[in-house]
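Enquirer: Letter by letter, the chains look like this.
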Amino acid sequence: MNYNPTYALLIFFGLVLISYLLFRPKSGWFWVIKNNLKSNEKIVIEDVLKQLYHTENAGKDMNLHQLSNSLKFDERTIVDVIKKMTIIELLTFDGENLKLTDSGRDYALRIVRVHRLWEKYLAEKTGFDKMEWHDRAEDMEHKLSHEETDLLATHLGNPQYDPHGDPIPTKLGKVADLEGEFLSSLKVGSVGRIVHIEDEPDVIYKQILAEKIHIGSQIRVIENNKERVVFYAEGQEFVLAPIVAANITITLLEKEESLEENMARLSSLKDNEEASIIGISKESRGDSRRRLLDLGFVRGAKISIDLESPFGNPIAYLIKGTSIALRHDQASKILIKKGIENGK
Amino acid sequence: MNKDEIENLITLSSDLRWKIGDDFHDSLAEGIYADASEISNASVSKDNEKKKFRLDAKIDRIVTSKTWGFPIMFLVLALILWITIIGANYPSAMLADVLLDIVHPFLKGLAAGIGMPWWLDGFLIDGVYLAVAWVIAVMLPPMAIFFPLFTLLEDFGYLPRVAFNMDYLFKKSGAHGKQALTMSMGFGCNAAGVVATRIIDSPRERLIAIITNNFSLCNGRWPTQILIATIFIGAVVPSSLSTVASMSAVIGIAILGIFFMFLTSWALTKTVLKGEVSTFNLELPPYRPPRVLKTIYTSLIDRTLIVLWRAIVFAAPAGAVIWLISNIYIGNESIAAWTIDSLDSFGFLLGLNGVILLAYIVAIPANEIVIPTILMLTVLVTGVTGGEGAGVMFELDSVNATGDLLRSGGWTLLTAVNLMLFSLLHNPCSTTIYTIYKETNSLKWTTVATLLPVIMGFVVTFLVAQIWRLF
Amino acid sequence: MENKVNSACETCPQFNAKGLKKLGVHTDNIDYVVALAGNPNTGKSTVFNALTGLRQHTGNWPGKTVVRAEGAFEYNDSKFKLVDLPGTYSLLSTSQDEEVARDFILFGKPNVTVIVVDASRLERNLNLVLQILEITDKAVLCLNLMDEAKRNNIKIDERTLSRDLGIPVVPTSARFNEGIPDLIQTISEVASGKIICKPHRIKNVPKKIEDAVEKLSTEIKKQFPTIPNSRWIAFRLLEGDNRIIKALKTGEFA
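Residue numbers (this note's numbering), protein chains in the order written: chain A, 1 to 344; chain B, 345 to 815; chain C, 816 to 1069.
These are computed hints drawn from the structure, not numbers from a lab.
Be aware that a few hints might be false.
Calculated pairs, DSSO-like style, for lysine-lysine (alpha carbon to alpha carbon, straight line, at most 30 Å) [stated by the list, open to error]:
(1) K1018(C) - K363(B)
(2) K1022(C) - K171(A)
(3) K788(B) - K212(A)
(4) K515(B) - K125(A)
(5) K1030(C) - K390(B)
(6) K1030(C) - K347(B)
(7) K212(A) - K347(B)
(8) K788(B) - K130(A)
(9) K1037(C) - K363(B)
(10) K614(B) - K171(A)
(11) K1009(C) - K347(B)
(12) K402(B) - K206(A)
(13) K174(A) - K837(C)
(14) K206(A) - K515(B)
(15) K212(A) - K618(B)
(16) K143(A) - K618(B)
(17) K72(A) - K34(A)
(18) K1037(C) - K125(A)
(19) K363(B) - K125(A)
(20) K970(C) - K171(A)
(21) K143(A) - K614(B)
(22) K50(A) - K515(B)
(23) K363(B) - K965(C)
(24) K788(B) - K34(A)
(25) K614(B) - K302(A)
Residues from chain A that keep clear of chain C, each with C-beta distances beyond 12 Å, as calculated [claimed, not checked]:
(26) L15
(27) I33
(28) D106
(29) S145
(30) T154
(31) N158
(32) K174
(33) G216
(34) E237
(35) I243
(36) D294
(37) K337
To be clear about the criterion: a stretch of chain C counts as covered by chain B if any three or more of its residues have a C-beta under 8 Å from a C-beta of chain B, and this derived list gives those stretches [what the hints assert, rightly or not]:
(38) 959-972
(39) 1021-1034
Don't be surprised by glycine CBs; every beta carbon is placed ideally from N, CA and C.
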């Protein structure tokens, strides 16, 4: 048979290129077109409501111009939708500014509820990466019906907080409280617990994740100035830029609670050291966390290193009479107290 | 019982749960362990006075050490594979002698004696019987050696240590250390490897292990690789080096398989499988002296015979199909010849030919019958003398004669290289496909596991063929 | 208590307790159903084989039995069907194995549940035992791998353990067929009601959870007066277990 292999190769790579352009994650043409088809009125209305809800909760005002800047839809669509929303009494104008009506607020709360429940679902029942939770929930919040939402809530055990620490509104619109101050505003020497990590904007959230800062950790502020915020948590020091620290919320510890100074991460345990487990960090979630509890990684259990694998990861720990291997990232989410007596 | 009451009950539990808060599960789990601790403290006493001799600990220090861990592991695996491949030769040859050279002619004679019509005789004895006999002869001995050896290691407790050593490497591609074992098991038989993935209790990693198990070159494919490498690769180097060259080519293909396994694992984690739940834990149980006879018995019953039975069930109809397509004529061409003609140009584009593609289609049930089918079909389309007749699979006693036959069918070095690649990268055999379906209970993952490797096979052989022809 | 051997014959493989007949896979005309539960790698399948005369493969590797296996034996003219459940660490999570095991103990209503534990890792194994005792009140604890425990200088006071758990405790070394006659005798006595169990119920639960469970469990008992495990169902409802909610709605507990 006669043909030119060069052409065959060119045609092949041409096809590969086309399918890459069409289907590459997120910015592939196929996805872009699919997304544009989806942006119907319901989604715009719900996004407007949510945006106003968050602004009002932060105690700020928002006019039409600011609103359309903060959403990804074009201005004409937004103006049209706002007109309709005032007619069906979801919002009113207060001079320049937009205000939610009571029914608008209820509606917004429902959207927030679905969003946070879905993030909780993704965290507990799936293997999606943290970075993906927000975008997937943004998508899902427009899709779930009332019944589906309630079923989901029951299945998740009616959680109070989403994985970032934000309270999830209940069916009746009840919201558990989230009190605290931004890490960037704390005085040196303050002692508290991380209760919330903001997942927007992406750039800052990525930095927080890269530092391996865990929600639920007890911290003590060591340094706080314009250049940097330094704090101590779980046996390590963390250094952040103030703008990053502002996205972390801390609740100060009550007087009777005291900072566990000896607390460390299991990953820092050395050969021949013994420790007892304090608990599992909130960062360990879903099946992974349940499995650890089932295996006896519970408060008070004594633990030591049994074996190190040739690469140093995973490490097998001796706990309740059995040798169980964990990977480094799992061990870093188990909190221990070092230096207990051996008993021998 | 009243529906409303039940609804009230569920609403009540929802409210109560919300009030308890998010640490319900943790508190409960801790509570149970606290009880367990109290009870066991009251009844268990451990004699700490005697310095306990932990032989286990000593073995562990060695088999997981930086220096010895990996050498021991590779040595053990290489030894098992070596014993399997070498040790299986003799019983395989013996079974082939009996089943193919004695029983087959005997059955033919018997059929002729009772005056069986030629088509029934061909269909049953040349088609069904021969395929089944072939599968038994090639498949049974290696599995009967490989599985008991592997099971002995398993019972001793060494395998979890292998998973422990290898986890770091597998983790990089998003897989579980235990996949090292299911992969090794796949070198014996992919269907058994897929069943073995049950030891991986994390859903995502288990699916990865199932889908990528086919990249382990199984027992049914080793002989094909060795035969083709001996004929074609061994021939391009000086004869003193031919054994070394052909063996290196086969090992190279196996290693390429491991590379594709890692690559595919990684790609799957990043794409279709990223939403599946992923957990990790690995218990290192104490060593226990294996009970050799019992182990051999159970591994034969549990693994070898089950897999063999499934293979036979699938091979029988395949034999029938092979005979039928060679003996049913449309116009003046048999179905086989007609299909080969239409597949030829696509085959050529992949550096293969129509015969090979048709052989892989009809030999889905078992990789073992690929070579006999190829030989039979080559005789059928080229019209060279030799062979046993249309639809009758055969193998030649001498490697040289096989090589001559294949060359007369138009085979070149490129055909051989691409056949070796395609033998590594094609759909799993139907036994394995069926097992994947039973294990995953999902049509979706079965389809992925079936089509992914064959698409990769097309792409790889296509690229190799084009680049080869450029130079 | 020492792990005593009743007779020399007991340890030989061909032993036959008086009145015992191993029936292999013949599971028809059954009088009692016995479930076999336990952690992975505790020799559960070995116990299964010792009782039924079957030869299921038993690997030294957690998680061999995924589907449940069935076998039977006959003792003193009663036929027992034995169901080998997948080995699990717990029944609180949601993996497939745990569901199979949990569903059988809960909905299959076995006459006796034999819980096989590793004697040298008792504390860890009790986690599962305590959960099972919340579901069923006819259970036998099979303290297996006594040979390994002895080698590690671990002594277990079986009487205290039996009193604390409220169920009979039988020490065995199933690999060497030690203690199997005792186990069979005990199973048959629990099945026939000769031994009445008073299983331990989980105590160390925080007050706010205990209160909620109490409240819920009282309501459940009002709806289903006959069920023995209202407290455990309350735990599962609080967990949001869909399977249990569904079972309540369809009346599977009635």
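Enquirer: Each hint should be assessed against the structure and marked as holding or not.
Expert: Comparing the hints with the structure gives:
1. The straight-line distance between the Cα atoms of K1018(C) and K363(B) is roughly 21 Å, inside the 30 Å bound, and the hint therefore holds.
2. Restraint check for K1022(C) and K171(A): the C-alpha separation of about 26 Å stays at or below 30 Å, so the hint holds.
3. Taking the CA atoms of K788(B) and K212(A), the gap is about 36 Å. The hint is violated against a cut of 30 Å.
4. A distance of roughly 21 Å separates the Cα atoms of K515(B) and K125(A); the hinted pair therefore holds under the 30 Å criterion.
5. For the hint linking K1030(C) to K390(B), the alpha-carbon distance of about 41 Å lies beyond 30 Å, and the restraint is violated.
6. Straight-line distance between C-alpha atoms of K1030(C) and K347(B) comes to about 19 Å, which keeps the hinted pair within the 30 Å bound.
7. For the suggested pair K212(A) and K347(B), the alpha carbons sit about 48 Å apart, so the restraint of at most 30 Å is broken.
8. The straight-line distance between the Cα atoms of K788(B) and K130(A) is roughly 26 Å, inside the 30 Å bound, and the hint therefore holds.
9. About 23 Å separates the Cα atoms of K1037(C) and K363(B), which keeps this hinted pair within 30 Å; it holds.
10. In summary, the hint linking K614(B) to K171(A) is not supported, as the alpha carbons are separated by about 36 Å, beyond the 30 Å threshold.
11. Proposed proximity of K1009(C) and K347(B) is contradicted: the alpha carbons are some 39 Å apart, above 30 Å.
12. Proximity of K402(B) to K206(A) is assessed by CA-CA distance (about 44 Å); at most 30 Å being required, the pair is judged violated.
13. In summary, the hint linking K174(A) to K837(C) is not supported, as the alpha carbons are separated by about 62 Å, beyond the 30 Å threshold.
14. Taking the CA atoms of K206(A) and K515(B), the gap is about 22 Å. The hint holds against a cut of 30 Å.
15. Annotation: proposed proximity of K212(A) to K618(B) holds, straight-line Cα distance about 21 Å (limit 30 Å).
16. Between K143(A) and K618(B) the CA atoms are separated by roughly 21 Å; this keeps the pair inside 30 Å, and the hint holds.
17. The straight-line distance between the Cα atoms of K72(A) and K34(A) is roughly 16 Å, inside the 30 Å bound, and the hint therefore holds.
18. Pair hint K1037(C) plus K125(A) does not hold up; C-alpha atoms about 33 Å apart against a cutoff of 30 Å.
19. Among the hinted pairs, K363(B) with K125(A) is consistent with the structure: their alpha-carbon atoms are about 22 Å apart, no more than 30 Å.
20. A C-alpha spacing of about 54 Å is found between K970(C) and K171(A), which places the hinted pair above 30 Å, so the restraint is violated.
21. Between the alpha carbons of K143(A) and K614(B) the distance comes to roughly 25 Å, so the proposed pair stays at or under 30 Å and holds.
22. Only pairs whose Cα atoms come within 30 Å are accepted, and K50(A) paired with K515(B) is rejected, the gap being roughly 40 Å.
23. The straight-line distance between the Cα atoms of K363(B) and K965(C) is roughly 48 Å, outside the 30 Å bound, and the hint therefore fails.
24. Of the supplied pair hints, the one linking K788(B) and K34(A) holds, its CA atoms being roughly 23 Å apart against a limit of 30 Å.
25. At most 30 Å may separate the alpha-carbon atoms for a hinted pair to count; K614(B) and K302(A) exceed this at roughly 37 Å.
26. For L15(A), the shortest C-beta to C-beta distance to chain C comes to about 40 Å, beyond the 12 Å cut-off, and the non-interface label holds.
27. Annotated as non-interface, I33(A) keeps its C-beta farther than 12 Å from every C-beta of chain C; the closest such distance is 37 Å.
28. With a cut of 12 Å on Cβ distances, D106(A) stays outside the contact zone with chain C, its closest approach being about 25 Å.
29. Every beta carbon of chain C lies more than 12 Å from that of S145(A), the smallest distance being close to 17 Å; the non-interface claim holds.
30. The Cβ of T154(A) does not lie farther than 12 Å from every Cβ of chain C; its closest approach is about 5 Å, which violates its non-interface assignment.
31. At roughly 7 Å, the least C-beta separation between N158(A) and chain C is not larger than 12 Å, which violates its mark as non-interface.
32. Even its closest Cβ contact with chain C, about 17 Å, leaves K174(A) beyond 12 Å, as expected for a residue assigned away from the interface.
33. Against the 12 Å criterion, G216(A) stays outside the reach of chain C, whose nearest CB is about 18 Å from its own CB.
34. For E237(A), the non-interface assignment is confirmed: its Cβ lies about 34 Å from the closest Cβ of chain C, beyond the 12 Å cut-off.
35. Interface exclusion of I243(A) from chain C stands, the closest Cβ pair being 39 Å apart, more than 12 Å.
36. For D294(A), the non-interface assignment is contradicted: its Cβ lies about 4 Å from the closest Cβ of chain C, within the 12 Å cut-off.
37. The Cβ of K337(A) lies farther than 12 Å from every Cβ of chain C, with a closest approach of about 20 Å, so its non-interface assignment holds.
38. A stretch counts as covered by a chain when three or more of its residues have a beta carbon under 8 Å from one of that chain; for the segment 959-972 of chain C and chain B the count is 7, and the coverage holds.
39. Using a Cβ-Cβ cut-off of 8 Å, 7 residues of the segment 1021-1034 of chain C lie near chain B, which meets the minimum of three, so the contact claim holds.
In this structure, the earlier hints numbered 3, 5, 7, 10, 11, 12, 13, 18, 20, 22, 23, 25, 30, 31 and 36 are contradicted, and the remaining ones agree with it.
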